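Enquirer: The opening position of the sequence shown corresponds to residue 10 in the working numbering, with each subsequent residue numbered one higher.
Heads up, a few of these hints could be off.
[As the list claims (entries may be wrong)] Cut-off 27 Å, straight-line C-alpha distance, at most; resulting in silico cross-link-like pairs (DSS-like, lysine-lysine): (1) Lys232 <-> Lys284; (2) Lys228 <-> Lys86; (3) Lys255 <-> Lys59; (4) Lys232 <-> Lys255.
If you're looking for bench data, these hints aren't it; they were derived computationally from the structure. Fair warning: this is a prediction, and the values are worked out from it, not measured in the lab.
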Amino acid sequence: MRTYNFKTIAASIGFGLMVGLNVSCSKSGNNSENINGEIIPTAQNEVVVKSAYDNNAYPLNKLVCDPFDPDPIPSAKHGIKSSLWFRGFNQPIYQSVMSYINNYRHSDQSLFFNSVNVPTRMFYDGFPLESGDVVRDDLGTQLIEYFAMKFESQIALGPNDSEGLYELAMLSDDGTILKIKDPDNVITDPNVNGWETHINNDGDTPTRMKCSSRLIDMKKDKKIQMELLYYQGPRYHISNMLIWRKASQAGKDAYCNHSGNTYFFDPNHSSAPLKWLDLAARGWSVLSSANYLLPESGNTSPGDGDVSYNPCYNGTVPVISNFQVIEQLSNEVSFSWKTDIKAVSMMMVTNLDTGEKTVTQTDNVLRTTHQILVTGLKNNTNYRFQVVAISEDLGRAISPAIDLTTF
Numbered sequence: 010m011r012t013y014n015f016k017t018i019a020a021s022i023g024f025g026l027m028v029g030l031n032v033s034c035s036k037s038g039n040n041s042e043n044i045n046g047e048i049i050p051t052a053q054n055e056v057v058v059k060s061a062y063d064n065n066a067y068p069l070n071k072l073v074c075d076p077f078d079p080d081p082i083p084s085a086k087h088g089i090k091s092s093l094w095f096r097g098f099n100q101p102i103y104q105s106v107m108s109y110i111n112n113y114r115h116s117d118q119s120l121f122f123n124s125v126n127v128p129t130r131m132f133y134d135g136f137p138l139e140s141g142d143v144v145r146d147d148l149g150t151q152l153i154e155y156f157a158m159k160f161e162s163q164i165a166l167g168p169n170d171s172e173g174l175y176e177l178a179m180l181s182d183d184g185t186i187l188k189i190k191d192p193d194n195v196i197t198d199p200n201v202n203g204w205e206t207h208i209n210n211d212g213d214t215p216t217r218m219k220c221s222s223r224l225i226d227m228k229k230d231k232k233i234q235m236e237l238l239y240y241q242g243p244r245y246h247i248s249n250m251l252i253w254r255k256a257s258q259a260g261k262d263a264y265c266n267h268s269g270n271t272y273f274f275d276p277n278h279s280s281a282p283l284k285w286l287d288l289a290a291r292g293w294s295v296l297s298s299a300n301y302l303l304p305e306s307g308n309t310s311p312g313d314g315d316v317s318y319n320p321c322y323n324g325t326v327p328v329i330s331n332f333q334v335i336e337q338l339s340n341e342v343s344f345s346w347k348t349d350i351k352a353v354s355m356m357m358v359t360n361l362d363t364g365e366k367t368v369t370q371t372d373n374v375l376r377t378t379h380q381i382l383v384t385g386l387k388n389n390t391n392y393r394f395q396v397v398a399i400s401e402d403l404g405r406a407i408s409p410a411i412d413l414t415t416f
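Let the hints inform the model, and build the full structure from the sequences given.
Expert: Here it is in structure tokens:
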């Protein structure tokens with residue numbers, strides 16, 4: 010029986026949000042079905058070994074993954090978590106990122122990226138992902154203007170970076186605000202909860218370089234909490250890049266505060282570098298995936314493992330076999346299958362009549378023999394069932410489909 014690698018499954022099963030390692034939301038923003046999955050232990054006196062990760066923290070039908078190629082993330086603790094806001098029908102148009110976040114619709118998707126690296130491009134190309142697709146709203150519509158994103162991570166030195174003083178800068182169209190919590194520069198103002206506005210590049214603008222006003226002292230064991238707020242306003246261009254270099258002074262680059270749609274890159278010729286070449290020659294570079302560590306929230310779901318991890322990290326991929334129906338009743342079906350290594354499992358159920366997708370919860374127990382009872386199905390409805398198996402180190406696989414009609 011053929012088993013698909015999760016990195017390519019989206020193209021095979023038509024999830025539609027991105028090609029590559031990703032899972033999109035269903036066509037319906039709210040799940041109108043009441044489908045549940047009851048995991049059934051298959052061995053008496055089962056020795057329960059749970060995953061170190063809470064695999065229910067990021068529902069797969071609301072997860073957007075950048076495949077992190079060609080710059081893979083070093084571990085499940087690396088990456089950037091992002092939230093999305095988008096303009097609803099007939100809502101006002103704003104000119105600041107916080108107005109977007111405070112007033113627009115908050116998506117229920119969880120997005121993960123490897124870096125903040127979008128050179129100037131035409132607005133109708135959208136906000137790109139490494140997979141080649143673009144960010145979309147909860148209904149699958151490509152977002153080309155009037156949306157905002159919040160990127161959360163920790164800035165750290167990678168294995169090839171040297172210690173010293175660094176200067177940060179943003180290249181963005183439209184507005185960005187970079188906030189940080191630097192342990193060497195504690196902010197005591199109770200109104201900002203410890204956050205320092207390190208770069209303010211807010212407002213409608215062509216691609217503009219905004220430089221920090223002070224240096225940060227980076228050491229091998231130091232982590233600086235980061236919150237990057239970005240919005241894309243009206244057409245015609247999109248860009249968002251977080252860059253840095255070693256420096257002795259901040260804000261002294263000749264291009265700080267310079268802007269232009271064709272100044273740093275040429276959006277009409279595949280974002281070909283222009284003045285960016287000068288910046289690179291002066292030591293500027295984009296922060297790589299090794300420079301981003303996910304925030305350490307310290308929170309766990311009771312008994313269900315760590316929630317501060319990157320669910321898009323792909324470890325050892327389990328092989329799913331012997332996926333079969335055990336019994337079908339009017340509105341419930343039981344299934345069994347095996348994996349070649351220990352994995353947690355859940356069932357992805359697609360209503361073929363509506364396109365709505367549901368992913369059942371897992372008990373987070375690692376097994377090689379699996380059984381589940383899926384309940385809450387509608388009568389006289391066409392469904393597709395697929396197993397999603399996640400190994401101990403977050404390798405993911407998804408099974409071929411079993412299509413059934415309830416009665």
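Enquirer: Please flag the earlier hints that this structure goes against, numbers listed from lowest up.
Expert: Numbers 1, 3, in rising order.
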